[in-house]
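S.K.: Read off the chains here:
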Amino acid sequence: GQQVMQIPQYQHVQEGEDFTTYCNSSTTLSNIQWYKQRPGGHPVFLIQLVKSGEVKKQKRLTFQFGEAKKNSSLHITATQTTDVGTYFCAGPRGNKLVFGAGTILRVKS
Amino acid sequence: NAGVTQTPKFQVLKTGQSMTLQCAQDMNHNSMYWYRQDPGMGLRLIYYSASEGTTDKGEVPNGYNVSRLNKREFSLRLESAAPSQTSVYFCASSPSLGTIYFGEGSWLTVV
Numbered sequence: 143g144q145q146v147m148q149i150p151q152y153q154h155v156q157e158g159e160d161f162t163t164y165c166n167s168s169t170t171l172s173n174i175q176w177y178k179q180r181p182g183g184h185p186v187f188l189i190q191l192v193k194s195g196e197v198k199k200q201k202r203l204t205f206q207f208g209e210a211k212k213n214s215s216l217h218i219t220a221t222q223t224t225d226v227g228t229y230f231c232a233g234p235r236g237n238k239l240v241f242g243a244g245t246i247l248r249v250k251s
Numbered sequence: 093n094a095g096v097t098q099t100p101k102f103q104v105l106k107t108g109q110s111m112t113l114q115c116a117q118d119m120n121h122n123s124m125y126w127y128r129q130d131p132g133m134g135l136r137l138i139y140y141s142a143s144e145g146t147t148d149k150g151e152v153p154n155g156y157n158v159s160r161l162n163k164r165e166f167s168l169r170l171e172s173a174a175p176s177q178t179s180v181y182f183c184a185s186s187p188s189l190g191t192i193y194f195g196e197g198s199w200l201t202v203v
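Going down the list, the sequences are from chains A and Z.
Quick note: the first sequence uses our numbering, first residue 143, plus one each step.
Quick note: the second sequence uses our numbering, first residue 93, plus one each step.
Rather than coming from a laboratory, the hints here were simulated on the basis of the structure.
Heads up, the beta-carbon is just placed ideally off N, CA and C, and yes, glycines get one too.
It is possible that some hints are incorrect.
Between beta-carbon pairs, the in silico distance windows are [as the list claims (entries may be wrong)]:
no.	chain 1	residue 1	chain 2	residue 2	range
1	A	Lys212	Z	Ser159	21 to 27 angstroms
2	Z	Asn162	A	Gln156	49 to 55 angstroms
3	Z	Thr112	A	Tyr152	30 to 36 angstroms
4	A	Pro150	Z	Asp118	35 to 41 angstroms
5	A	Tyr152	Z	Leu161	35 to 41 angstroms
6	Z	Glu196	A	Gln200	20 to 26 angstroms
7	Z	Val203	A	Gln156	16 to 22 angstroms
8	A	Val197	Z	Ser143	30 to 36 angstroms
9	A	Gly183	Z	Gln114	19 to 25 angstroms
10	A	Val197	Z	Ser172	46 to 52 angstroms
11	A	Gln222	Z	Thr97	30 to 36 angstroms
12	Z	Asn162	A	Gly158	35 to 41 angstroms
13	A	Tyr152	Z	Gln114	46 to 52 angstroms
14	Z	Asp118	A	Thr162	18 to 24 angstroms
As a list, the in silico PhoX-like pairs of lysine-lysine whose alpha-carbon atoms are at most 20 angstroms apart [stated by the list, open to error]:
no.	chain 1	residue 1	chain 2	residue 2
15	A	Lys238	A	Lys178
16	A	Lys178	A	Lys198
17	A	Lys199	A	Lys178
18	A	Lys238	Z	Lys149
19	Z	Lys149	Z	Lys163
20	A	Lys238	Z	Lys163
My request is simple: use the sequences and hints to build the entire structure.
M.R.: Following this line, the structure appears as structure tokens:
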């Protein structure tokens, strides 16, 4: 069945450095969603990408959807301590969403 | 703005005990879900309900049962808890395949 693979599993960066997490699907996705989970919290929706090659920005966060709609990335410019948490991508499979395993981001100040 | 409310927030069970996690949403969403989250495993779907009156198995349904009581409520039952079911459980809802809204989580420990 469809899987959504996410890398890296874990990244520890110095405050001010950039960060990128990648999401890859074995099948073409109609859309992809990104979520953020703060330590001890629950996942919160960030954004949805629908179009091939789509790029969306939210302040320091840049989201991309691949041309083939099988991969996506989240890039954070100049990380801050408030960026810590786990970032998940999710793609639809039938009438439910399949989540990647997530990338844990730690930021050293 | 209650959103998705799940109870209890924390629970300790002995092996073999049963319990029900309750979940309610006030957003009039059709779909509801139960996930479990374990370190390094991401979010794994236990059961979901695409609409009132229907339930379907997810990735890890063994040891669990669910009830979609009405459009608002979706409960998860552990009939005979096992230590392997120690986890954080999240209830969630969505308008079909739209954005998923999560509850705050229930921390369950089985000893």
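S.K.: Each hint needs a verdict: does it hold in this structure or not?
M.R.: Do the hints match the structure? See the list:
{"no.": "1", "hint": "Lys212/A x Ser159/Z: 21 to 27 angstroms", "verdict": "violated (37 angstroms)"}
{"no.": "2", "hint": "Asn162/Z x Gln156/A: 49 to 55 angstroms", "verdict": "holds (50 angstroms)"}
{"no.": "3", "hint": "Thr112/Z x Tyr152/A: 30 to 36 angstroms", "verdict": "holds (34 angstroms)"}
{"no.": "4", "hint": "Pro150/A x Asp118/Z: 35 to 41 angstroms", "verdict": "holds (37 angstroms)"}
{"no.": "5", "hint": "Tyr152/A x Leu161/Z: 35 to 41 angstroms", "verdict": "holds (39 angstroms)"}
{"no.": "6", "hint": "Glu196/Z x Gln200/A: 20 to 26 angstroms", "verdict": "holds (23 angstroms)"}
{"no.": "7", "hint": "Val203/Z x Gln156/A: 16 to 22 angstroms", "verdict": "violated (40 angstroms)"}
{"no.": "8", "hint": "Val197/A x Ser143/Z: 30 to 36 angstroms", "verdict": "holds (34 angstroms)"}
{"no.": "9", "hint": "Gly183/A x Gln114/Z: 19 to 25 angstroms", "verdict": "holds (20 angstroms)"}
{"no.": "10", "hint": "Val197/A x Ser172/Z: 46 to 52 angstroms", "verdict": "holds (50 angstroms)"}
{"no.": "11", "hint": "Gln222/A x Thr97/Z: 30 to 36 angstroms", "verdict": "holds (31 angstroms)"}
{"no.": "12", "hint": "Asn162/Z x Gly158/A: 35 to 41 angstroms", "verdict": "violated (50 angstroms)"}
{"no.": "13", "hint": "Tyr152/A x Gln114/Z: 46 to 52 angstroms", "verdict": "violated (34 angstroms)"}
{"no.": "14", "hint": "Asp118/Z x Thr162/A: 18 to 24 angstroms", "verdict": "violated (37 angstroms)"}
{"no.": "15", "hint": "Lys238/A x Lys178/A", "verdict": "holds (19 angstroms)"}
{"no.": "16", "hint": "Lys178/A x Lys198/A", "verdict": "holds (16 angstroms)"}
{"no.": "17", "hint": "Lys199/A x Lys178/A", "verdict": "holds (15 angstroms)"}
{"no.": "18", "hint": "Lys238/A x Lys149/Z", "verdict": "holds (11 angstroms)"}
{"no.": "19", "hint": "Lys149/Z x Lys163/Z", "verdict": "holds (18 angstroms)"}
{"no.": "20", "hint": "Lys238/A x Lys163/Z", "verdict": "holds (17 angstroms)"}
Hint compliance for this structure: hints 1, 7, 12, 13 and 14 are not met, and every other hint is.
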